[in-house]
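Please put together the full structure from these sequences, using the hints given.
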Amino acid sequence: MLLDWGYVAIFALVGAGMVSLPLLIIWLISPRSDYPQKFETYESGVPTIGQAWSQFHVRYYLFSLVFVVFDVEIIYLYPWAVVARSLGAAAFWEMLVFLVILVLGLAYAWRRGALEWT
Amino acid sequence: MSGEAIAFYVLAAVTLGSGLVVVTSKNMVHSAAALVPAFLGATGLYILLNAEFVAGIQVLIYAGAITVLILFAIMLTEGGTGLGSRQRNEQAVVGTAVAAAMAALLIVVATRTGWTAGSGTLPPYTPGAIGQSFLRQNILVFEGTSVVLLISLMGAILIARRED
Amino acid sequence: MPGLTHYLVVSALLFALGIFAVVTRRNAVAILMGVELMLNAANINLVAFNKYVAPGAMQGQIFALIVITLAACEAAVGLALVLAAYRTLETVYLDEINVMKW
Amino acid sequence: MGWIWDVLRAIVGTIIIFSAVAFIAVMFGVLLERKISAWMQSRLGPKHVGPQGLLQTVADTIKLLQKENIVPSRADRLIFASAVIVVPLAALLDYVVIPFGTTRSGPLIFRDLNIGVLYFAATSSLVVVGILMAGWGSNNKYALLGGMRSAAQMVTYEIPIGLALVTVALMAGSLSTVTIVNGQARLWYIVTQPVAFLIFLVAATAEVNRVPFDLVEAESELVAGYFSEYSGMRFALFQLGEYGEMFAMAAMAVTLFLGGWRGPVLPPVLWFVIKLYALIFVFMWVRWTYPRFRIDQMLNFSWKILIPVSVLNLVVTAFFAVVVHR
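Chains as they are written, first to last, in the working numbering: chain Z, 1 to 118; chain B, 119 to 282; chain U, 283 to 384; chain R, 385 to 710.
Treat the hints with care, as some may be off.
Said to hold, decoys possible - Derived BS3-like pairs: lysine-lysine, alpha-carbon spacing no greater than 30 Å straight-line:
| # | chain 1 | residue 1 | chain 2 | residue 2 |
| --- | --- | --- | --- | --- |
| 1 | R | Lys431 | R | Lys419 |
| 2 | R | Lys447 | R | Lys419 |
| 3 | R | Lys451 | R | Lys431 |
| 4 | R | Lys447 | Z | Lys38 |
| 5 | Z | Lys38 | R | Lys451 |
| 6 | R | Lys419 | R | Lys451 |
Stated by the list, open to error - Short, incomplete list of chain Z residues facing chain B, as computed with Cβ under 10 Å:
| # | residue |
| --- | --- |
| 7 | Asp4 |
| 8 | Ser64 |
| 9 | Leu65 |
| 10 | Phe67 |
| 11 | Val68 |
| 12 | Tyr78 |
| 13 | Val83 |
| 14 | Ala84 |
| 15 | Met95 |
| 16 | Val100 |
| 17 | Leu106 |
| 18 | Ala109 |
| 19 | Gly113 |
Just so you know, these hints were derived from the structure itself, not from any lab.
Every value quoted in this text rests on a predicted model; they were computed, and no experiment measured them.
For each residue, glycine too, the CB sits at the ideal point set by N, CA and C.
As structure tokens, this is what we get:
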């Protein structure tokens with residue numbers, strides 16, 4: 001099993017190298033100009049006002065919040081899916097209870113308007 | 119040195135090094151971005167400990183979901199970097215002392231205790247074994263987590279929503 | 283070959299880093315990041331004990347999964363609190379949040 | 385000295401997969417996209433470089449290599465530079481678990497991981513972090529808005545993808561992709577799981593930010609979304625990430641629902657490629673058929689239709705697979 005992940009580690013390392021290779025090439029061969037306007041932030045040709053790093057609306061947070069909870073619910077479904085068929089009907093009912101509670105959460109978020117992009 | 123030992127030291131260095139960036143960087147977004155290699159390093163350690171299912175979950179939840187949540191929260195407050203304000207309070211000395219004392223204590227405990235090596239072997243296929251365990255012995259825990267998730271979802275929506 | 287103690291030492295150092303962030307940071311989000319590091323340290327311990335002390339049972343890994351679940355819940359609720367506090371008090375710096383009621 | 389052999393095999397495998405993705409999937413994919421869109425609009429498309437314009441993207445890549453290396457002066461250099469590595473790398477990591485075919489000595493796959501499907505979900509979730517980093521690091525209003533929207537969209541559509549993966553894992557009783565393909569020896573899962581297949585395809589389209597879910601890089605409002613500030617080779621690397629992710633999603637759909645490399649007469653690898661390009665054609669067809677969603681429609685569609693339907697589909701599947709059939 002460790003051998004599998006050794007392969008994956010080499011894949012990631014060699015892959016990072018191969019992705020950086022074009023960056024190294026452009027660092028070596030690309031022309032350089034000394035023309036400050038070129039390094040301005042692109043804003044349709046208008047001079048940039050202020051930083052882009054400004055405050056965002058809370059709705060982004062609400063969506064990612066519901067996402068995190070559902071993502072966590074799904075991680076419990078993976079081990080269940082692997083063994084469910086060998087365990088039989090009990091596994092189905094256990095999962096049904098779990099999923100019903102999950103759907104309750106979705107219904108609550110829906111009713112409270114956390115899923116509206118207002 | 120065996121391959122496993124090299125992997126261990128590299129992963130430990132990655133985890134602790136990025137952890138150091140997380141706690142010391144003045145730029146909040148750099149801190150949050152450094153969380154990703156810290157979590158991935160810990161993932162590697164789980165794999166060395168033959169817990170590949172936990173490792174997969176670690177990447178999916180920590181690196182893929184919690185980091186996004188934290189990045190969103192940073193961008194929703196103060197609009198990003200936090201470079202404009204002081205990030206450290208006056209307790210730097212105390213903090214270092216407390217952290218060092220805690221580390222020393224834990225390391226002493228970890229090295230002095232004679233851990234008894236258990237018998238038995240790890241099951242080769244962890245997702246299956248975890249599923250068995252969840253649906254047989256730990257069924258209450260399994261259903262309990264869904265209730266915990268439901269309550270935290272409701273609570274978080276209640277708190278985060280604009281009152282209007 | 284790294285043994286149990288090696289993993290415990292790494293986890294202890296990671297835990298100490300987390301404590302350092304919690305004690306010295308002013309920003310509530312940064313403190314939450316410190317807490318995440320501490321939970322990760324706990325998870326490394328749990329999985330290491332699973333392998334070296336009780337390899338027959340899966341309890342360590344099960345518990346690590348539950349810690350990850352609770353960490354996600356904690357992050358969701360904690361950050362929601364930070365956002366709520368930011369909305370009413372207009373700060374995320376904990377030493378400036380000094381009212382119990384507004 | 386057995387380990388040197390393993391390391392060499394891994395390195396060679398990586399180089400083959402990366403080059404194949406870069407040349408066959410991305411370069412040829414971009415050309416195909418331009419040719420197909422031209423065909424659908426009764427145009428000719430690229431025609432002058434090479435026979436029938438076949439070398440157009442090669443020429444484009446060479447051009448991009450010579451471009452000036454521009455980092456905006458207001459950008460956060462570190463984050464700006466690392467995002468460009470994170471996005472394509474996370475997309476390419478998906479290919480570890482995709483079985484391309486089979487030979488006499490076993491399936492043709494980089495590594496058949498025990499947690500294959502979960503690994504796929506985990507690596508593709510890393511793309512989101514890279515996109516947020518790109519949007520934030522550019523310090524450009526269009527890029528940041530595009531990055532935030534992109535992240536909101538991608539995380540939303542990760543849930544239906546996860547549920548579809550769980551449904552297939554339940555059918556096969558395993559998370560390993562090779563076992564899943566072997567489970568389709570008699571019947572492809574698209575026959576028993578048409579709903580899950582549709583959900584996966586729709587969610588995959590959204591996950592790779594393609595039309596009709598391309599509002600994060602809506603040219604008319606957001607310039608180019610999160611990679612507005614990236615030019616030259618960096619832009620090409622984002623294209624690599626985007627097309628790489630699209631081909632990975634299509635390849636995963638083939639593996640999960642269309643029987644992977646299975647098929648009569650023709651060699652397995654050829655079958656895999658035929659199915660893969662059929663799905664890619666569907667992606668491109670959809671692009672020229674549907675208008676763009678609004679962001680609220682896009683999010684509603686996932687939360688209020690796709691996710692309830694996929695939960696229901698999972699329950700029905702589980703009932704038949706676990707209770708009725710055993």
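Hints versus structure:
A C-alpha spacing of about 9 Å is found between R/Lys431 and R/Lys419, which places the hinted pair at or below 30 Å, so the restraint holds. Taking the CA atoms of R/Lys447 and R/Lys419, the gap is near 20 Å; set against the 30 Å cutoff, the hint holds. Restraint check for R/Lys451 and R/Lys431: the C-alpha separation of about 23 Å stays at or below 30 Å, so the hint holds. The hinted pair formed by R/Lys447 and Z/Lys38 meets the criterion: a straight-line CA distance of about 19 Å does not exceed 30 Å.
Proximity of Z/Lys38 to R/Lys451 is assessed by CA-CA distance (about 13 Å); at most 30 Å being required, the pair is judged to hold. A C-alpha spacing of about 25 Å is found between R/Lys419 and R/Lys451, which places the hinted pair at or below 30 Å, so the restraint holds. Satisfaction of the interface hint for Z/Asp4 is found here, the shortest Cβ-Cβ separation to chain B being roughly 8 Å, below the 10 Å cut-off. Residue-level restraint check for Z/Ser64 holds (minimum Cβ-Cβ distance to chain B is 5 Å; threshold 10 Å).
This hint holds: Z/Leu65 has a C-beta 5 Å from the nearest C-beta of chain B, less than the 10 Å allowed. With a cut of 10 Å, the hint placing Z/Phe67 at the interface with chain B holds, because the nearest CB-to-CB distance is about 7 Å. A hinted interface residue such as Z/Val68 counts as satisfied when its beta carbon comes closer than 10 Å to some beta carbon of chain B; here the least separation is about 5 Å, so the hint holds. This hint holds: Z/Tyr78 has a C-beta 6 Å from the nearest C-beta of chain B, less than the 10 Å allowed.
For the restraint placing Z/Val83 at the interface with chain B, the shortest Cβ-Cβ distance is roughly 4 Å, inside the 10 Å limit, so the hint holds. Because the beta carbon of Z/Ala84 sits about 8 Å from the nearest beta carbon in chain B, less than 10 Å, this interface hint is met. Evaluation of the Z/Met95 hint against chain B yields a held restraint, the C-beta minimum of about 9 Å falling below 10 Å. The closest approach between the C-beta of Z/Val100 and any C-beta of chain B is roughly 9 Å, which is under the 10 Å cut-off, so the hint is satisfied.
This hint holds: Z/Leu106 has a C-beta 9 Å from the nearest C-beta of chain B, less than the 10 Å allowed. With its C-beta approaching chain B no nearer than about 6 Å, Z/Ala109 sits inside the 10 Å limit, and its interface hint holds. Checking Z/Gly113 against chain B: minimum C-beta separation of about 7 Å stays under 10 Å; hint holds.
The structure is consistent with each of the numbered hints, conforming to all of them.
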